[in-house]
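Starting from the given sequences, assemble the full structure and let the hints guide the process.
Following full-length UniProt numbering from start to finish, the sequence shown increments by one per residue and tops out at 424.
I should point out that these hints are in silico values taken from the structure, not numbers from a laboratory.
No farther apart than 27 Å at their CA atoms in a straight line, the calculated lysine-lysine pairs in the DSS-like style are these:
# : residue 1 : residue 2
1 : 391       : 364
2 : 391       : 415
3 : 289       : 222
4 : 311       : 273
5 : 222       : 273
6 : 319       : 364
7 : 273       : 289
Restraint ranges, calculated between C-beta atoms of paired labels, are given here:
#  : residue 1 : residue 2 : range
8  : 328       : 249       : 28 to 36 Å
9  : 322       : 265       : 24 to 32 Å
10 : 124       : 72        : 31 to 39 Å
11 : 332       : 259       : 17 to 25 Å
12 : 352       : 328       : 18 to 26 Å
13 : 402       : 79        : 50 to 58 Å
Cβ coordinates follow ideal geometry from the N, Cα and C atoms, glycine included.
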Amino acid sequence: MQTQIDHSNPRLIESIVRRSYGRLLAMLSMRSGDLTSAEDALGTAFEMALKNWPEQSVPSNPEAWLFTVARRQLIDQARSAQTQQRHQEEFSYLVDEAAAECDPLAIPDQRLALMFACTHPAIDRSIRAPLMLQTLLGFDAASIASAFLIAPSNMAQRLVRAKNKIRLAGIRLIIPDQSAISDGLDAVLDAIYSVYTAAWSQSSDGDILQGNLAEEALWLAKLLSELAPQEPEVFGLLALMLYAESRRAARHDAQGNYVPLQEQDCQHWDHDKIDQAEQCLRHASHMRKYGRFQIEAAIQSAHTVRRHQGKADWQAINKLYAQLYQLTASPVVAINHSVALAEIIEPQIALAQLEQLCHDKDLKARLQNYQPYWAANAYLHQRCGNDDAAKHAYQLAIGLCTDQAARGFLQMRLKNLDSAPNKN
1 MQTQIDHSNP
11 RLIESIVRRS
21 YGRLLAMLSM
31 RSGDLTSAED
41 ALGTAFEMAL
51 KNWPEQSVPS
61 NPEAWLFTVA
71 RRQLIDQARS
81 AQTQQRHQEE
91 FSYLVDEAAA
101 ECDPLAIPDQ
111 RLALMFACTH
121 PAIDRSIRAP
131 LMLQTLLGFD
141 AASIASAFLI
151 APSNMAQRLV
161 RAKNKIRLAG
171 IRLIIPDQSA
181 ISDGLDAVLD
191 AIYSVYTAAW
201 SQSSDGDILQ
211 GNLAEEALWL
221 AKLLSELAPQ
231 EPEVFGLLAL
241 MLYAESRRAA
251 RHDAQGNYVP
261 LQEQDCQHWD
271 HDKIDQAEQC
281 LRHASHMRKY
291 GRFQIEAAIQ
301 SAHTVRRHQG
311 KADWQAINKL
321 YAQLYQLTAS
331 PVVAINHSVA
341 LAEIIEPQIA
351 LAQLEQLCHD
361 KDLKARLQNY
371 QPYWAANAYL
381 HQRCGNDDAA
391 KHAYQLAIGL
401 CTDQAARGFL
411 QMRLKNLDSA
421 PNKN
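The following block contains the structure:
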């Protein structure tokens, strides 16, 4: 039985195509041994689908239809290459498989191999997330460039270089064994989280092809949880992103002004997403193998306690930040820890802990141009009653701020500080 579609609704076809893309590309790449050739063949198949399906109907097995057309394209490519005495093995394999008319749904999912190829150590760290978006979701270079605020021509060149690196370096598209999964998982998780933070940091929420980049990152994390269900950090990352997504509607007020987490109206939080996040975090904790993303998710969980108790669990938050700093030694974590510390002890102590970071000369140079440091510095000075120092820090933070809503929030705090009665 075939599924009829509305001629005026091509997004239905695009949705089917996108969700099939990574699975089909992984299968075709492993057969052809060439990621670029597989992309070209799959692109032709999708063009044919977008042309034929609206006029006819979506096949009962869309993936099988796409796979068959793309495989035929690869056979034609391999047949041409064979005349040049190349790709004999791939050609024979493809012809034999075509004769068997295999159903792609019956083939083990090989997208995990594609994820690990995109994040191989030979691939530059900055291009891993864009490469994953293109190979697993089928986004074009221009759309990815828009999401990552990079010129389309530059993004296209970098993606081509990355795929050439996979071919020239002999990076194999194979499903790694358990030890290899554990060794390379951090890079995969970082790439997916980079996709999410690219959306989170933009006022447009990372819109891509009229969709939402954050949703695509969540989809990738959910896919990874299906492909690597034994890895607790996968569920930690998924929980972390779900907690963040649950607060999307509360991040800004009705006028579009930024609202910090501690001041958000928790009635505007998405409680279903929070429940999903809690379930993921519990599932991860049962595996008793803790990591960065689980701890970060646990911090967010401690913030959601405010729904029931009226305030966040600051004791737990501080303990978790201390644990996270021991694991990562990240100055970002140290900054957040100092701000959280002011909720349970004298703010002067929290400020001293923050300014302790500047005792490291190299780190001090980096912090001078790091907006969150100056925003935290301003907040803690204000808590301590050091108005002049707070004003100076707010001015620096405002100057370094690239987000319009966050800049408006900092400007309002500075304005309120200027208009406050003179304590002297």
